[in-house]
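Peer 1: Sequence:
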Amino acid sequence: MSDEAGSERSMRPRKSMPAIGLALGSGSARGLAHIGVIRAIEESGIKVDMIAGTSIGALIGAAYASGRLDTLEQDFRAIDWKRMGTLLDPVFPRSGLIDGMKIAAFVRAHVSLKTIEQLQVPFCAVATDLNSGEEIDIRKGDLIDAVRASISVPGILSPVRQHGRVLVDGGLANPVPVSAVRALGASIVIAVDLNHNIVAGKTRSRPVRSRETKKGARTRLGGRKYAWAIERMGEGLRTSGNPAIHRIRAWLEKERLPGMVEVLLGSLHIMQEQITESRLSIDRPDLLIRPPLSSVHLLEFDRAEEMIAIGYRSALGPLRAFARELHRQGYR
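Residue numbers for the sequence shown follow the numbering used here, so the first one is 297 and each next one is one higher.
To be clear, the hints were calculated from the coordinates, so they are not data collected in a lab.
Glycine included, each C-beta is placed from N, C-alpha and C at the ideal position.
One thing to keep in mind: the hints can contain errors.
List time: in silico SDA-like cross-link candidates among lysine to any residue, alpha-carbon distance up to 20 Å [to be verified]:
| no. | residue 1 | residue 2 |
| --- | --- | --- |
| 1 | 343 | 459 |
| 2 | 311 | 335 |
| 3 | 343 | 374 |
| 4 | 311 | 622 |
| 5 | 410 | 363 |
Using C-beta positions, here's what the derived DEER-type ranges look like [claimed, not checked]:
| no. | residue 1 | residue 2 | range |
| --- | --- | --- | --- |
| 6 | 626 | 438 | 40 to 46 Å |
| 7 | 374 | 404 | 24 to 30 Å |
| 8 | 413 | 580 | 25 to 31 Å |
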């Protein structure tokens, strides 16, 4: 009897896989871990049918959806602080410290398609309406403008005007866009949260280091959060030939932390972690991946190789188990 039942089960047709959506969260430089997570998804044999991204998640998601993630990964692996300096176009005084035209050009170089509708899979970039606080899910139209709006960190990168709205970073409203990818039609959602435990992680100071000054003296850097990052960004700017360098240089020399940059970025740390916890308690994904990134600061794009590896390692085991469970449930 049991043999007959087992034979009957084996002859049942396999169910078609439900639509799987990928929600890529905000986190600035920590977002490079998304690349490692995507590599683990591919290795696990899971097919992503739609993508929603917030902030850096929108950039990584757009590159993945357009089939150009390899190129973006190579460029990030090669980035250093001098290259970072070439991407900055400081503007004082404006609605952000950086105008964003050079960053938009960087995005365009890695996402060659013009519109969201041209992408290989459905895609949504999440931004926030600065005037109303409303979450804006951009599912069609200019792809570069959509990504540029989603990554516009308030006070740092100038906002984007679109259809009468002033748009800023989507992390203000929906740091891990589970609801956005469900709205695209996903039945199963894999989400990546980069903001978990980041505030607690920031209590650990970066190791003190030193640099050589023009006069040959050794200057100690470290202790206060972000001081090292701002200094290194300044070093990149000084060698970039940027026409606005005298202004950003004067600001760097005058602004000793705690100051404007630390207040902005520190506030984002606190706010995004709390918003993420609140949103995920309501918009629960089917699989939540949380790479351990609490020691990584928002500006550490020069740690790409390390963060990609962290994303891959933290995701591979859960994704393989998830794929096995889908197979056990009869999906093919």
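Peer 1: Against each hint, give a clear statement of whether it holds in the structure.
Peer 2: Hints, verified against the model:
The hinted pair formed by residue 343 and residue 459 fails the criterion: a straight-line CA distance of about 34 Å is larger than 20 Å. Among the hinted pairs, residue 311 with residue 335 is inconsistent with the structure: their alpha-carbon atoms are about 26 Å apart, more than 20 Å. Using a Cα cut-off of 20 Å, the hinted pair residue 343 and residue 374 is violated, with the two alpha carbons roughly 28 Å apart. Simply put, residue 311 and residue 622 have alpha-carbon atoms about 10 Å apart, close enough for the 20 Å limit, and the pair holds.
This hinted pair checks out: residue 410 and residue 363 have alpha carbons roughly 14 Å apart, not beyond 20 Å. Here the CB-CB span from residue 626 to residue 438 is close to 41 Å, well matched to the stated 40 to 46 Å. Separated by about 18 Å at the C-beta atoms, residue 374 and residue 404 break the suggested range of 24 to 30 Å. Take residue 413 and residue 580: their Cβ atoms lie about 30 Å apart, and the range 25 to 31 Å holds.
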